[in-house]
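Heads up: the sequence lines are chains B and R, in that order. When we follow our numbering, the leftmost residue of the first sequence carries the number 5, and every step to the right adds one. When we follow our numbering, the leftmost residue of the second sequence carries the number 5, and every step to the right adds one.
Hints are computed from structural coordinates only; laboratory data are not their basis. There could be a bad hint or two in this list.
Which copy is meant is left open, because identical chains are indistinguishable; a pair holds if it fits in one copy or across any two.
Straight-line Cα separation of at most 30 angstroms, DSS-like style, residue types lysine-lysine; simulated pairs [stated by the list, open to error]:
1. 474 with 275
2. 145 with 90
3. 173 with 293
4. 17 with 258
5. 159 with 296
6. 37 with 258
7. 290 with 135
8. 158 with 293
9. 210 with 70
10. 17 with 132
11. 302 with 70
12. 37 with 296
13. 132 with 302
14. 293 with 29
15. 302 with 158
Since the model is a prediction, treat every value here as computed from it, not as a measurement.
2 protein chains.
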Amino acid sequence: MEREAAELFEEFKELTASEFFRRNKQMLGFSGKIRSLTMVFHELITNSLDAAEEAGIQPEITIDLKRVDKDHYILKHTDNGPGIPKKFITKVYCTMFAGSKFRNIQSRGQQGLGCSGCVLLSQMTTGKPAKAVSGYYEGEKLKGVEMTFKMDVKKNQGLILDSKEVEVKNTGVSIELHFKDVSYSLSEQGAFEYIRRTMIANPHAKIRFRDPTGHKFIFERATDVIPPLPKEVLPHPRGVTADDLIFMAKHTDKRRFRSLLTSSLSRMSTKRVNEIEEATGIDLNKRPKDMKWEEAEKIVDLFSQMDFMAPPTSGLIPIGKDQIEKGMREILNPEFISTTTRKPKTYRGGVAFVIEAGISYGGDSGRLVGEQKKAEIMRFANRVPLTFDQGSCAITEALKSIDWKRYGIRDLDNAPITVFVNIVSTNVPYLSTGKQSIAPEAEILHEVRQATMKIARSLQKYIRAKKAAKEEALRSKIFENLVPVIIREAALLAETDVPEYDSVLAKVTRKAKFENIELESEGEDE
Amino acid sequence: MEREAAELFEEFKELTASEFFRRNKQMLGFSGKIRSLTMVFHELITNSLDAAEEAGIQPEITIDLKRVDKDHYILKHTDNGPGIPKKFITKVYCTMFAGSKFRNIQSRGQQGLGCSGCVLLSQMTTGKPAKAVSGYYEGEKLKGVEMTFKMDVKKNQGLILDSKEVEVKNTGVSIELHFKDVSYSLSEQGAFEYIRRTMIANPHAKIRFRDPTGHKFIFERATDVIPPLPKEVLPHPRGVTADDLIFMAKHTDKRRFRSLLTSSLSRMSTKRVNEIEEATGIDLNKRPKDMKWEEAEKIVDLFSQMDFMAPPTSGLIPIGKDQIEKGMREILNPEFISTTTRKPKTYRGGVAFVIEAGISYGGDSGRLVGEQKKAEIMRFANRVPLTFDQGSCAITEALKSIDWKRYGIRDLDNAPITVFVNIVSTNVPYLSTGKQSIAPEAEILHEVRQATMKIARSLQKYIRAKKAAKEEALRSKIFENLVPVIIREAALLAETDVPEYDSVLAKVTRKAKFENIELESEGEDE
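Given these sequences and hints, build the entire structure.
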């Protein structure tokens, strides 16, 4: 009954990326009704924020979610970004692994899967085409196009059903998609919470949202400061592998390896290249294609021994401790808050990243479970909320490894606390295609711990001071109650009049002035 | 400072699947040194077991892991499967999203990413080509080919450096790959534990492993029973979506929709098709390409109301409770064991699956952490160990939701217990590309709970009986110790001789016969 190889290979096939993800939509994060809809919000919001910021526009997003029937919705998502030129519309929405974000730049999206994933899910659940209206400048002229299209899954490209010029008032994209088998929820993993968290990390954005009941929410800007545009930075020598060098060498148009090095890597001067040539004995005037693996490896080895300036941090734009505080105050209205933005560090030798953290206590901090407040961990990557796969995420792991008792928090799970952590990087090491958890790189774990312990210390001081003030107040109260009695009884015994004691007592009992307790100002420590 | 759309789209690119995963290797499970090597073992072992079983061969795998330097290894992986015909070798090892497993069949691999992912990792870390020797039958003739190749990432295909005919003694594939930045570990997530767990779920396989210290491990078969070959089954009507019907209709060679239905779905007779035609009023003689979404949706709606026989289960081959017991006994040598295989159920309306579970107590059950035994959860999908992303997996979630105290286990985490759970399906709903966790479908959660609670009840009886026997033994002991004293003292008081009491005492004190306590036999319950 043994079968031979040829028979088993009769069915050998190649799939396109769209076909592959059509069979494996859970890999795009589309699993479960609530999660699927949240992922759609995630992809579209992320894309809109990136596009607006890249174009230097203050982002403003309008989302209208209509309920057609149980688990059946029509979503209209409109932004004020730069728009998409006509010929790229179906590429953006129907071709997987296509995108403009494959550069070494800090952006929310990185993978060329987001928008096309939403169209795929819409098509898989309703068979309906997508409708997009794009307004964009071509030279001085504002153009508008309305396009109706489907995704041809076998070809991984768009199939245009209708396309016409329309008049538009401003730039931006509006996309309308039908979905079934998805569900709008107010839970922690639902679409509404996703918007709320987005607003905490993006206080410069404005979002209008009409929910399926017709209720309109307007999340106003908490700040008018537009975050500076992250710059594309060349990879740092410490961050490249031998494989990267060989790959660059294979696909460059430079004629010599030395010019490839200076033009493709940061911190790489002609002087540096000469040093490399001398130390390795490799002729760097050779053509890039003639570079051998062993030579590339030798160069990368040398990189790890040479002193380089740290990667340029112009490519990294953190939210900033003040902006995080504004965002958290606006949404959580807490009793106490402490935030920090760390200095840039690198992981894997040369990929720069920044960790920011905030901790808030009281007010709307924490999440309400039944009648009880539980601690809430909000994870972000480049300002994007990470809602799922909490268990396997480096941020969760780092927070769990902290001995919270040392910071006066006996039971983190049951404290009215929100912990905010954002990782900023041109290259966030996601663990899965769904972009919901961060790989546990040692340097990232370390930085998350350091940032959180620092703000936890501030919280500890606050909690201690609050407790001390309470005790002080209690002591004063006892004084205030007993002193008059003692004075009266003493006067009675001494057979004199009761003296006037109010002003004296007021001097003795100091009311706890809790509001005035000063916390140490938070600078960067290491 | 606003920028226009055309400028932003200058950098718009399309990537191949290989390029995409080269930039996102963590999505293939390659993150961290230990995990990366375990994933390589996983992909190669999985592929070998599938290939051998598909060809009806008892699997035998030989793995040789040589350490060249710190974090630098050469892996040679040899199987006795049917081999790969020459023209498919680079397709299997160098083209992503290509494979022979995209059918509706229960197999370990499903995604056409595994082997090519290993070659990609090897190339990315060492720049070395891969070397494969394949022995395969072409008609009656045993052919052998040795090929050295690299992956052309920009083209997502192989680049053959050398290819020659060689003499081989039998069928099978041997692949040799170099890796750097990986690490062999004996930890729970390491490569050795991966082999051990594979042997528990595949007691019919044999694996020889030479570890980097040169030590040879031979994992012998615990059974000679070859698992029956799973059959390819047509999708069940309850398991298809409107999108599936439209997709089938678009890519079929059938001339009429009615013949497409009967030939593409299981449980679909001409009589059934006539019923559908009558109930929906749709002319099923129309050409498949003319089928509209609304019509497909109407048909799928009707499917959900019609009574169908359950999906054919010939496509599902569980390990079986006896075989699981053999596997667990061989590897864990436990004091007590209970196993169960549930009846097939469906999730998402029509995807059939089976849950199997085993629980073992004592012996080598549990994992040793320091000096203490901790509970160990072994998750499997189609006999493949799932080693990572435990937190987000439906199996973990279901096990955690069980009230273990009800089964006499006060503290599951600290019990010397191994819980084994295997999900068998033609279509395992993985949460991520790394295939390490199962989506929390309600029906799957339910079945895992039911299976585990059933075997937990057996364990409870065992633990109770063991406790009762201990107490009984204690009582007997007291009797045995005290009765002679009483008799002797009574004789002294009565001034008579001490009578012979041994035989009487033996009758009174029943020794606890722990070994003979019978546990109820385990049938299927619901």
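Hint by hint, here is what the structure shows:
no.: 1; hint: 474 with 275; result: neither (65 angstroms within a copy, 81 angstroms between copies)
no.: 2; hint: 145 with 90; result: within (14 angstroms within a copy, 57 angstroms between copies)
no.: 3; hint: 173 with 293; result: neither (50 angstroms within a copy, 40 angstroms between copies)
no.: 4; hint: 17 with 258; result: between (38 angstroms within a copy, 20 angstroms between copies)
no.: 5; hint: 159 with 296; result: between (37 angstroms within a copy, 20 angstroms between copies)
no.: 6; hint: 37 with 258; result: neither (50 angstroms within a copy, 34 angstroms between copies)
no.: 7; hint: 290 with 135; result: between (52 angstroms within a copy, 29 angstroms between copies)
no.: 8; hint: 158 with 293; result: between (35 angstroms within a copy, 15 angstroms between copies)
no.: 9; hint: 210 with 70; result: within (20 angstroms within a copy, 58 angstroms between copies)
no.: 10; hint: 17 with 132; result: both (28 angstroms within a copy, 27 angstroms between copies)
no.: 11; hint: 302 with 70; result: between (59 angstroms within a copy, 23 angstroms between copies)
no.: 12; hint: 37 with 296; result: between (51 angstroms within a copy, 25 angstroms between copies)
no.: 13; hint: 132 with 302; result: between (55 angstroms within a copy, 15 angstroms between copies)
no.: 14; hint: 293 with 29; result: between (39 angstroms within a copy, 24 angstroms between copies)
no.: 15; hint: 302 with 158; result: between (44 angstroms within a copy, 25 angstroms between copies)
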